[in-house]
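Each residue of the sequence shown is one higher than the last, beginning at 3 in this note's numbering.
Derived from the structure by calculation, the hints contain no laboratory data.
Any given hint might turn out to be false.
Listed next, with one range per pair, are the computed distances between beta-carbon atoms [said to hold, decoys possible]:
id : residue 1 : residue 2 : range
1  : Gln-91    : Asp-154   : 31 to 41 Å
2  : Ile-52    : Gly-77    : 41 to 51 Å
3  : Ile-82    : Asn-50    : 23 to 33 Å
4  : Asp-162   : Gly-89    : 39 to 49 Å
5  : Leu-152   : Ile-82    : 28 to 38 Å
6  : Asp-53    : His-130   : 42 to 52 Å
7  : Gly-77    : Leu-47    : 13 to 23 Å
8  : Trp-67    : Asp-162   : 49 to 59 Å
We put the CB at the ideal spot given by N, CA and C, even for glycine.
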Amino acid sequence: MSYDCYSTALRVNDIDYAWWTDRHGDPQYYWVGSHAAEHVCSCGLSDNCIDDTYSCNCDAEAPQWELDDGAITNGTALPITQLRFGGLQFDAQKANHTLGRLVCRGKAASPDSPAESCSSLRKAGHTHSGYYVINTKEGRLDVVFCRMDLRDTDADFQQDTGARIAEESVYFNVYRTSDLSNRSYSRAKQGCRPFDATIFSVGVRIACTSST
3 MSYDCYSTAL RVNDIDYAWW TDRHGDPQYY WVGSHAAEHV CSCGLSDNCI DDTYSCNCDA
63 EAPQWELDDG AITNGTALPI TQLRFGGLQF DAQKANHTLG RLVCRGKAAS PDSPAESCSS
123 LRKAGHTHSG YYVINTKEGR LDVVFCRMDL RDTDADFQQD TGARIAEESV YFNVYRTSDL
183 SNRSYSRAKQ GCRPFDATIF SVGVRIACTS ST
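Start from the sequences and build out the full structure, keeping to the hints where you can.
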């Protein structure tokens, strides 16, 4: 994200006039990297702000156009849900903010290889709280409850249910994203349970469209 400013500060005398909210709705005051609980911009990390008494260029409130920009890399905070800016009291003060695209990197977990934790499930794109099967110990799968509405660091984010599954049998976890059609309902009554996608499948190949 970037903030172009003209005589406009992000923070003045420990009062924040600009912040963004993370995925949990909490306000954040850092404008680069992963620096929760800090007020810092790119120039503050590289020690090249226009005024070395500040950690952001805009905080100097210089009567000229300045820029603070950076990429937020804290995966537990993304995506950014809101941008809040204020503190403009005079006609000479100007500001523009730009939020770039969310960029995701990494490889999603394969359905044939259960994830190792709720955190890895979240990184793979799962956003709904619920019961999941994870591979925490070789030769065994554990059933856990993932609170996707919490931070990864929260003690209740991953809750162990005590249920265990041995890796010697066939098992899979699938789900539907829509209601059953009349045809699908008829198939379900005959013992066929149609589904839309696979979370994982071990020991057998199943077809997502035929539930076989």
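Check each numbered hint from earlier against the structure, then list the numbers of those it violates in ascending order.
-> Hints 2 and 5 contradicted; others consistent.
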